[in-house]
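Could you put the whole structure together from the sequences, leaning on the hints where they help?
Protein chains in written order, with this note's numbering: chain A, 28 to 174; chain B, 2 to 155.
Hints listed in this document are in silico derivations from the structure and should not be mistaken for laboratory results. Take every hint as true, because none was put in to throw you off.
What follows is a list of derived Cβ distance ranges for each label pair:
id : chain 1 : residue 1 : chain 2 : residue 2 : range
1  : A       : Thr-32    : B       : Lys-86    : 37 to 47 Å
2  : B       : Glu-99    : A       : Glu-33    : 38 to 48 Å
3  : A       : Asp-107   : B       : Pro-50    : 16 to 26 Å
4  : B       : Ser-57    : A       : Lys-87    : 42 to 52 Å
5  : A       : Gly-147   : B       : Ala-28    : 15 to 25 Å
6  : A       : Asn-78    : B       : Ala-28    : 17 to 27 Å
7  : A       : Tyr-48    : B       : Lys-33    : 26 to 36 Å
8  : B       : Tyr-154   : A       : Thr-32    : 30 to 40 Å
9  : B       : Gly-93    : A       : Pro-64    : 26 to 36 Å
10 : A       : Tyr-174   : B       : Ala-17    : 42 to 52 Å
11 : A       : Lys-114   : B       : Ala-81    : 40 to 50 Å
12 : A       : Lys-45    : B       : Ser-57    : 35 to 45 Å
Built from N, CA and C at the ideal position, the CB exists for glycine as well.
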Amino acid sequence: MGHWTEFERSTIQSIFSKLDYDVAGGKALARCLVVYPWTQRYFGNFGNLYNAAAIMGNPKVAAHGKVVLQGLDKAVKNMDNIKAAYKELSVLHSEKLNVDPDNFKLLADCLTIVVAAQMGAAFTAQVQAAFQKFLAVVVSSLCRQYY
Amino acid sequence: MLLPLEEIGIIMSLSAKDKAVVKAFWAKAATKADDIGSDALSRMLVVYPQTKTYFSHWKDLSPGSAPVRKHGKTVMGGVAEAVAKIDNLTSGLLTLSELHAFTLRVDPANFKILSHNLLVVLANQFPDDFTPEVHVAMDKFLSALALALSERYR
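This is the structure:
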């Protein structure tokens, strides 16, 4: 964990520089709430999540997706020490938000799907490997402060 | 040896809507089945290198190599069979389950890995069609497929 090749570094920077933070996070979060509906448990005050259409059109989901992506941006900017950069975020998720850490992987998988859909042929196997490695480090760092 | 789904106590059966969505999407995707199979396997071998242990007898494990393309075709043949037998996967895939259980002895955790890579390929090649609703139906279908494949393990 934490060691990046030049290819991995530049791949991650490139992917995130091309993502529209206003859109991609919301898409990933909405997909997570549709594909893994039990994750809706954390969003009781988001209003209408009754069906896929409602989730995908829900402005609170879109807004929160942006927050999530901004959190990921912190990891992109601190790739050499994501663990340290995420210390407070980890405490927040475990102590205040009480999120089951298994859910981090579900959201990460949905973000992978969103990026795969967006990047087309550029999303090669090697690019996918770099992206998933990055997300695995992010997830692991988020789980760090749970006890 | 519980599959992740069984561990968390969620066995989700396919609704009529799920089956309809799967069949409709498969009708579109089936024309590119060989490409999809090859791409999914290629990604699996690169992103999850531990899966290479099942293919030590292949000369070339690189993405899109001849053995990978050939095997991708075989795997997708199985997926097509599962779509056709979607109303009773367990009995329909009994022979395939015996193959995986007694001959191939693939650790069932790998079914989830291959499923993930199939979903990535579907999103990548059909970005407009692979909506969240299609995604959840396909994910459920592949999970049910994996469960049917595990039926004869023990």
